[in-house]
Amino acid sequence: MSGDGLLMRAAQAFLAPLLAVALAMVVGDLLILTYGESPATVYALLLEGTWGNWYGFGQVIYKTMTLTCTGLAFAYAARAGLFNVGAEGQLAAGGFAAALVGLLLPASIPGVIAVPVCIAASMIAGGASGAIPGVLRARFGASEVIVTIMLNFVLLALLNYVVASHMAVPETLHTAEMNAGFVARLGSLFPVFAGSAANLTIVVAVLVAVFAWWKLFRTRSGYELRAVGLQPDAAEYGGIPVSRVWFRAMVWSGAFAGLGGINFVLGYKHYYEEGFAAGSGFLGIAVALVGRNHPLGILIAALLFATLSQGGLAVNALVPKQLVDILQAVVILAVATTVPEVQRLLRKTAASLVRRDAAEATP
Amino acid sequence: MSAPATTATWAVRMSQVSKHFGSVQANRDVTLEVANGEIHALVGENGAGKSTLMHILSGLHTPSGGRVEVLGRDVTGWDTNEAIAAGVGMVHQHFMLVPTLTVAENLVLGREPRRGLQLDEARAVEDVRALAARTGLRVDPTRSVAELSVGEAQRVEILKVLYRGARILVLDEPTAVLSPPEVDELWTVLRGLRAQGDTIIIITHKLDEVVAISDTITVMRDGRSVSRLATADTTPRDIARAMVGRDVTLAHDFPANDLAARDVSSARAALEVRDLVVRGDRGTPVIEQLSFRVQPGEILGIAGVEGNGQTELLEVLAGLRRAHSGRVLLNGQEITSLDVRARADAGLSHIPEDRHRRGLVLDYSVSDNLLLGRQHHFTSRLGGLDKTRIERHAETQIRAFDIRPSDPTLPARALSGGNQQKIVIAREMGRSFTVLLAAQPTRGVDVGAIEFIHSQLRAARDSGKAVLLVSADLSEVLALADRIAVMYEGRFACVLPATECNAEILGPYMTGADREVVS
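Quick note, the sequences are listed as chains A and B, same order.
Note that our numbering gives residue 133 to position 133 of the first sequence, counting from 1, and the numbers run on in steps of one.
Note that our numbering gives residue 1448 to position 448 of the second sequence, counting from 1, and the numbers run on in steps of one.
Since the hints were derived computationally from the structure, they do not count as laboratory data.
Source: prediction; values computed, not measured.
Each hint should be verified, as a subset may be incorrect.
Computed beta-carbon distance windows for the label pairs [what the hints assert, rightly or not]:
#1 A:Ile146 to B:Met1096: 53 to 59 Å
#2 A:Leu296 to B:Ser1227: 51 to 57 Å
#3 B:Arg1191 to A:Arg244: 33 to 39 Å
#4 B:Gln1016 to A:Ile149: 54 to 60 Å
#5 A:Arg139 to B:Asp1222: 37 to 43 Å
#6 A:Val112 to B:Arg1399: 49 to 55 Å
#7 A:Ile149 to B:Leu1101: 56 to 62 Å
#8 B:His1094 to A:Gln322: 45 to 51 Å
#9 A:Phe153 to B:Asp1339: 35 to 41 Å
#10 A:Leu15 to B:Leu1109: 22 to 28 Å
#11 A:Arg139 to B:His1020: 46 to 52 Å
Ideal Cβ placement from N, Cα and C applies to all residues, glycine included.
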């Protein structure tokens, strides 16, 4: 009986995203045809440029790392009923903190110490960025949507200012190279990956996904967090401190996003650069949505979106790479309308609007 | 009054009606025959298919099979507009009124009398006044709906249906929110409408109401119509048996509670409230200077119309709301400033009034719901949850409290109302506690589950627990409590031994007409 249930659940979980991808491909067909190209050729090229050669596959892995982190960030907050739209800023803060620590550490420090310290710095900086909207929500009831959106601008502007006026290498928008905290590229271990940005931080991302899964579904704090997200009133009745859970969820959410920064900083360029992963924070929302806020689903969804963005470059010769943006948008829209979390959120918003109207109407 | 069984014309005749939603069969081969000018009670447990059947009659649903006739005309599959035009009107359980508009404006909504392009306010008021006078549904047409009491709002709902020309009225559980005097008034109005030749179908699961008001009864069970009875020739026991399909113990089969039989007056109070003051969400006082004690081995029942501070009182006692001033003591220990978890660990159990909002996380499994509020007792090192212990705990509770289906992995949402409530009962009563707060413990559950829950509450009392029972169902309070307090506007209007109480005595206190000073 429970085996059947599991199968059903798995089928339900994968059905919507698979249908979404199929729909996106049909839309893609039509667009490709308007360019006078053959859909089969374009899709073949897309696959060839991503999964068909080691370099392309390495690029996919590289992009998967950041998207996994920002996807987890969104999902973790969403499980607590919060909408963290601030991964963009939290990601940048995490990357900056990792680079800063890497710059401050002396070159003599061995990697086994320097790398964990840099990783911790990225998570702390991301967590602190998440703590601000967390406190404002838990204490004062400020909408975390508004606060995280605005905080993106504040954080990015602040970092740009600090880097541009105090830390940048002349003529560039990036800091000097770090002294310590380098993570090996895949190319240095497996020569076939040579040239691609893929690096060992992907292992960290997978471990963090497993950690997030364990925390959400196997611990008391995860049980309480999901209860708060599903039914805050019932959680309160069950003795769960709702505000404190919200605060903690935002801190962890920010920490996951901040961790995404080590991909570029520790694994690839070894410095912080303005806009190093622009867009990855927002794309994380889509990843979480398609991955249905489940860490395993997010890993798969991150791989899908990474493939699409890398594939956009591969097919650029035949069709504009914006084609891939459209494919991503169709996947997001199709999934968004079917995912129950979204439907619930929409219903809740509608209900609260009605309630507010009623409250205003009655004197 | 007996059913006019010889009447040749049926107001409503539904035969072999079936309705399924996906794979769920809500109605199968239902027969309903309602004579012209009678009051017909449609009874059955929750989920028996009563509302679905009435939604088919009023055009909200299309039947999957069968035939619907109204006044001899085949109307199978009609829509709501056609139903209204043919004089079939449904008064829903939840009010559908615009609070900012006046009574008259609400009534004429959709078919406003006009003068030029404007609403003819004066005529609307006049029309409504005339209709109110003719039917006995007295309500001032110029008042805004937001100011009305629940009973008045319901009158407006009925007037609205009548204003649209309904001659066949369907009322879905109309007494759920009314006080006893308001119920009596409603009966008078319905009898008046019957005298004018209107036909009334009333959905209910309260047996005493069926006996009080109806001429004929159709009983539904599991989506089928199982019997059609003339009220005059039947007893509540027969009706209950038809509803459940077996013999049931009714609440009033138990002898009246005898406080003297068990000496509880000398014992120390298990729950004590002193000078409690509670402010509502808008800062207005909702509970004023309330003091009372509940002894071990006693059920203190709080009766009263909803909205007189009962909800806030229980929230304060459970730790979900702050008291403005006053003290709460549990077994002599001050708990006023403790949080929910600390109170639970001190021996307080709480069956909340709204299981869908508070009592259950509907998307959590039965097993996870049995954990709610107790999760810190199932936590191992590193904060992980102890899965084997949780599973064993769930299996034990499911068996002990007969939760069906017995699969602990099902989401609570998938269970019937009665079984959902059993999850809450199992969690709160299946552990050690000294004081139980039970709010509306049988709301929206079927007769079989009511019987079970009542026996659990009695067993808790008999084993020396203190129970504070809050219920809008006066007969439930009368059946279970040892002492009864009536709450009115944030105070106890009276506290009486149950042996001295009945609905006639308590009714006036519930409406605030009568008040006894309670120290």
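Hint-by-hint comparison with the structure:
Against the hinted window of 53 to 59 Å, the Cβ-Cβ separation of A:Ile146 and B:Met1096 comes to about 34 Å, which falls outside the hint. At roughly 54 Å, the beta-carbon separation of A:Leu296 and B:Ser1227 lies within the given 51 to 57 Å, and the hint holds. At about 57 Å, the CB distance of B:Arg1191 to A:Arg244 disagrees with the hint of 33 to 39 Å. At roughly 59 Å, the beta-carbon separation of B:Gln1016 and A:Ile149 lies within the given 54 to 60 Å, and the hint holds.
Separated by about 52 Å at the C-beta atoms, A:Arg139 and B:Asp1222 break the suggested range of 37 to 43 Å. Between A:Val112 and B:Arg1399 the beta carbon distance is about 53 Å. The supplied range of 49 to 55 Å therefore holds. At about 38 Å, the CB distance of A:Ile149 to B:Leu1101 disagrees with the hint of 56 to 62 Å. The hint said 45 to 51 Å for the Cβ distance between B:His1094 and A:Gln322, and at roughly 49 Å that hint holds.
At roughly 38 Å, the beta-carbon separation of A:Phe153 and B:Asp1339 lies within the given 35 to 41 Å, and the hint holds. Checked against the hint of 22 to 28 Å, the pair A:Leu15 and B:Leu1109 fails, with Cβ atoms roughly 43 Å apart. Restraint check, A:Arg139 to B:His1020: a C-beta distance of roughly 50 Å satisfies the suggested window 46 to 52 Å.
In summary, the structure is inconsistent with hints 1, 3, 5, 7 and 10 from the numbered list given earlier, while agreeing with the others.
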